[in-house]
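Q: Generate coordinates for the entire structure from the input sequences, incorporating the hints supplied.
Protein chains in written order, with the working numbering: chain Z, 1 to 76; chain Y, 1001 to 1719.
Don't take each hint at face value.
What the hints assert, rightly or not - Pairs of lysine-lysine, BS3-like flavour, derived with a Cα cap of 25 Å: (1) Lys-4/Z to Lys-1176/Y; (2) Lys-1550/Y to Lys-1220/Y; (3) Lys-1176/Y to Lys-3/Z; (4) Lys-1583/Y to Lys-3/Z; (5) Lys-62/Z to Lys-1591/Y; (6) Lys-1549/Y to Lys-62/Z; (7) Lys-1490/Y to Lys-1263/Y; (8) Lys-1591/Y to Lys-25/Z; (9) Lys-20/Z to Lys-1550/Y; (10) Lys-1239/Y to Lys-1514/Y; (11) Lys-1450/Y to Lys-20/Z; (12) Lys-1236/Y to Lys-1490/Y; (13) Lys-1591/Y to Lys-1564/Y; (14) Lys-1508/Y to Lys-1193/Y; (15) Lys-62/Z to Lys-1220/Y; (16) Lys-1450/Y to Lys-1508/Y; (17) Lys-55/Z to Lys-1550/Y; (18) Lys-1531/Y to Lys-62/Z; (19) Lys-44/Z to Lys-1176/Y; (20) Lys-1531/Y to Lys-1519/Y; (21) Lys-44/Z to Lys-1172/Y; (22) Lys-1274/Y to Lys-25/Z; (23) Lys-1508/Y to Lys-20/Z; (24) Lys-1274/Y to Lys-1504/Y; (25) Lys-25/Z to Lys-1193/Y; (26) Lys-1480/Y to Lys-1234/Y; (27) Lys-9/Z to Lys-20/Z; (28) Lys-1550/Y to Lys-3/Z; (29) Lys-1504/Y to Lys-3/Z; (30) Lys-1172/Y to Lys-9/Z; (31) Lys-20/Z to Lys-1513/Y; (32) Lys-1549/Y to Lys-22/Z; (33) Lys-1201/Y to Lys-1509/Y; (34) Lys-1514/Y to Lys-1504/Y.
As the list claims (entries may be wrong) - Far from chain Z by the CB rule (all over 12 Å, computed), these chain Y residues: (35) Ile-1154; (36) Asn-1202; (37) Asp-1215; (38) Glu-1221; (39) Phe-1226; (40) His-1297.
Source of the hints: derived by calculation from the structure; they are not laboratory data.
We put the CB at the ideal spot given by N, CA and C, even for glycine.
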Amino acid sequence: MAKKDELLKSFLTHDLLVSKYKIQKEELPNTLSDGLNSDKPIIKAIALIIESLEKSPPVTDKELRTSVLLFLNTAI
Amino acid sequence: MIIKKIQIENFLCYYNEKSFHFEDGLNIILGENNEGKTKFFEAIEWLFNGTNTQLENLVSSKKFKEITFEESFKVSVSMVVENTNGEYKISRSFLVNKTKNNDIETRGLNFEGQETDLATGRRIPINGQELLNAIFPFQIREYSMFKGETELNIFENEEALPNLINLFSDAKPYQKYTDKSRFLRERAHQAVKESTEANQKNQRAYNILESEIFDLEREKERLNIFLSSTEDQKSKLEKNIKEAEKFVDNAEALSTINELIKKIEEKITYLNSKIDDNYTTSLFDEYWILQNFEPIHKEFVAKISEHSKRRRELQSQFDQQIGIRKGEEKAKAELINNIIPLPIGTPSKAHMEEMLHDEICKVCNREAKVGSEAYSYMMQRLTEYLETQKINDSELDTKETLFKFDYTNRLENLSISHEDNLKNIRLIETKIKDLFEFNDKKKKEIESLKEELEKQIKERERILGNSKIANEDKLLSIFKNYTSWQEDLKDLNKDFYDLEAKQKEILKKIESKKEDINKIDENSAVAHLLKTREILNDIENIFTDTKEKKFDEFITKLENKSNKYFGQINVEAFTGEIKFSKKRIGSDKVKIEISLYESGGRYFVPGTAVRTSLNISILLAISELANEENNETYPMIFDAPTSSFGETKTGNFLNLIYKTSNQKIILLKDFVATNKDNNTLFIKSEFNSINRKKAFWVKLERPFDDKDLSTMNTEVITL
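A: Rendered as structure tokens:
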């Protein structure tokens, strides 16, 4: 399993996703690519952050803020 | 990464070029003390850090002695390493010249790197420092080289283990996620704030609330510092108390026993002062010999008495004869003068002078005026009397004595004195008997006290022996400190709870103020901005919790692996169980405490050998986990890590290390012995049973002068 997928999976095991966001286990993506296509804003935001931070070279803070905040502000 | 080769040239006792070709796995370097082991370790330290700026102190004296004025030679340490990317060489070197005055002159210090292209075999020069940091990062080097047993105790530094865990565990990649999610949440918050502040009224309220929150946050930080410092003090004190608890029972018993011993010793001293052993001299020598003196004395007394009587008889006869002769002479004289002398002394000279003065004859009671016949008569009689009283010189010279010396009187006095002493002599037997009985009784008492004293001293030794701290003063000082530490801990606990309560109160206030801001936001800010902020807040929590989880998982794995190694190193000896406990200090600092527990959960204070085993176990566990997590291995270099172990335990330790995965270079003085017949060193046959990939023996070339460094040359023998 790719490092990015492992990172995503490790974040998605958090209880908050079930308790607060009511996302069922079967709805959780297995890969980063699935995460980036998720219709759950929080999952896609996490995937976007992973995608940005694992890029080589990593994105700047400004690029990160733009991509994540822009996505969330428009998606919700 | 593995070290393939280390070459040392003219560095201290390493004269000319000396090479060590290492293998992956366990490499052992044996050597007696002062024969080059530590200099090997120091050569690597110098290569990595270049810390010793006094280069002239690193030069081989033997090499320097060989060269003449203006000749030069090179001092260098180089290392060839291999990792998954290729083969690299780093070397640090300088040149040495001899001056006219025979002084050392150094120049041209150089730190070079070299990469070998595996495909072409071409060597490409690169910056030495950059290469070193790339192939063997500083943070890893810091936990890879250990000089002596004490340096193994890196975990005394409370930041060391969290740093290591952050470095090696898979919590490390999560750090950037927590940092960036905080950044994003702050940006989202800023967006909400800007949206709310568009309304002037809100802006004022916002400013007031933010200023209050700012003050509260500052107060919270201030409390955090106090809390952290109190926690530190508490932790140190708890550690001291825990350690003291191991000894406190013994220390208390020691204190009681010391009191008892002091009392017994005082009593013995008192009884000794009462014993009068002097009868051997004052009674036996001076008196006891007189025990049979009484009959002798009686005989002596009788003889003295007889002698005295005889002497007196003789003296009386003599006196009578003298008296008769004197009387005859006197009567003859008086007849010549036709006078009748008065009896001598009657009337006395004083009476006659008185009568003359009074002009009365008090013999016949008649007047005798001056010039009268009676007066003249009295005067004549006085003159005649005075004449008779004059001592005639011839008479003196011819005075006859019967005995020239009078010893009889002295003998009589001696006899009387002996009579008095006889009374004491008769009591000697009783006195000696009484004294013997008294002394015997006291001696028996002393004997019994001495037995008790010996018993108590043995008990004290047992207590000291049992207590791991064999120093009595230290043990007693622990007992003394123990009580005061407990009092201090009570005070610190109270301070800590007070500070915690204050902190909770402040946190509550901050939350309340934040809620007020949220209310303003909810009523004023754009809804999607609020939602974005909420999601990013949750993402930050998810990232932080995940990192914590990974950190905790690593600690659990580390604990399990450390205990596995610990049990293997201490096979057939006490091990106990290593426990790692994480403690949060303040808001963002974590420390890991390592403790050892006996079965039953009792805290155990390890001795040096157990402590060394514990430290090595943790280091091996970290190394193993680092390999698992990072897919890269790093060598570990230990100089005399097991000096408190016996040779058998060191052997077991080496065989265990052999099974571990990454490269280890271990310098030991074990397994080297001296042949007493010819005073030469040899490697013991026991070393043959030690599993290893490569072994070397560093030893000074013989003969050498132990006072002349220029005769020193360490030879490297591959075993």
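Q: With reference to the structure, classify each hint as holding or not holding.
A: Each hint, compared with the structure:
1. Lys-4/Z to Lys-1176/Y: holds (14 Å)
2. Lys-1550/Y to Lys-1220/Y: Violated. Lys-1550/Y to Lys-1220/Y sits at ~28 Å, over the 25 Å cutoff.
3. Lys-1176/Y to Lys-3/Z: Given that 25 Å is the threshold and the Cα spacing comes to 15 Å, the pair holds.
4. Lys-1583/Y to Lys-3/Z: Violated: Lys-1583/Y and Lys-3/Z sit about 30 Å apart, past 25 Å.
5. Lys-62/Z to Lys-1591/Y: violated (34 Å)
6. Lys-1549/Y to Lys-62/Z: Distance ~29 Å between Lys-1549/Y and Lys-62/Z Cα, so the pair is violated.
7. Lys-1490/Y to Lys-1263/Y: violated (35 Å)
8. Lys-1591/Y to Lys-25/Z: violated (35 Å)
9. Lys-20/Z to Lys-1550/Y: Holds: Lys-20/Z and Lys-1550/Y sit about 23 Å apart, inside 25 Å.
10. Lys-1239/Y to Lys-1514/Y: Distance ~40 Å between Lys-1239/Y and Lys-1514/Y Cα, so the pair is violated.
11. Lys-1450/Y to Lys-20/Z: Roughly 81 Å between the alpha carbons, so the hint for Lys-1450/Y and Lys-20/Z is violated.
12. Lys-1236/Y to Lys-1490/Y: It holds: about 14 Å lies between the C-alpha atoms, which stays within 25 Å.
13. Lys-1591/Y to Lys-1564/Y: With Cα atoms ~23 Å apart, Lys-1591/Y and Lys-1564/Y stay inside 25 Å; holds.
14. Lys-1508/Y to Lys-1193/Y: This hinted pair holds, its Cα atoms lying about 21 Å apart.
15. Lys-62/Z to Lys-1220/Y: violated (31 Å)
16. Lys-1450/Y to Lys-1508/Y: violated (70 Å)
17. Lys-55/Z to Lys-1550/Y: holds (22 Å)
18. Lys-1531/Y to Lys-62/Z: Holds. Lys-1531/Y to Lys-62/Z sits at ~21 Å (cutoff 25 Å).
19. Lys-44/Z to Lys-1176/Y: holds (18 Å)
20. Lys-1531/Y to Lys-1519/Y: Roughly 14 Å separates the two Cα atoms, so the pair holds.
21. Lys-44/Z to Lys-1172/Y: Holds: Lys-44/Z and Lys-1172/Y sit about 23 Å apart, inside 25 Å.
22. Lys-1274/Y to Lys-25/Z: violated (95 Å)
23. Lys-1508/Y to Lys-20/Z: holds (23 Å)
24. Lys-1274/Y to Lys-1504/Y: violated (73 Å)
25. Lys-25/Z to Lys-1193/Y: violated (35 Å)
26. Lys-1480/Y to Lys-1234/Y: OK: Lys-1480/Y and Lys-1234/Y at ~19 Å, within 25 Å.
27. Lys-9/Z to Lys-20/Z: Holds: Lys-9/Z and Lys-20/Z sit about 18 Å apart, inside 25 Å.
28. Lys-1550/Y to Lys-3/Z: Status holds; Cα separation ~15 Å.
29. Lys-1504/Y to Lys-3/Z: Measuring from Cα to Cα gives roughly 39 Å; hence the hint is violated.
30. Lys-1172/Y to Lys-9/Z: OK: Lys-1172/Y and Lys-9/Z at ~16 Å, within 25 Å.
31. Lys-20/Z to Lys-1513/Y: Distance ~24 Å between Lys-20/Z and Lys-1513/Y Cα, so the pair holds.
32. Lys-1549/Y to Lys-22/Z: holds (22 Å)
33. Lys-1201/Y to Lys-1509/Y: OK: Lys-1201/Y and Lys-1509/Y at ~22 Å, within 25 Å.
34. Lys-1514/Y to Lys-1504/Y: holds (15 Å)
35. Ile-1154: holds (29 Å)
36. Asn-1202: holds (20 Å)
37. Asp-1215: Non-interface label stands for Asp-1215/Y: nearest chain Z Cβ at 29 Å, farther than 12 Å.
38. Glu-1221: At about 25 Å from chain Z, Glu-1221/Y clears the 12 Å cut-off, so the statement holds.
39. Phe-1226: Fine: 32 Å to the nearest Cβ keeps Phe-1226/Y off the interface.
40. His-1297: holds (119 Å)
Of the hints listed earlier, those the structure fails to meet are numbers 2, 4, 5, 6, 7, 8, 10, 11, 15, 16, 22, 24, 25, 29, in rising order.
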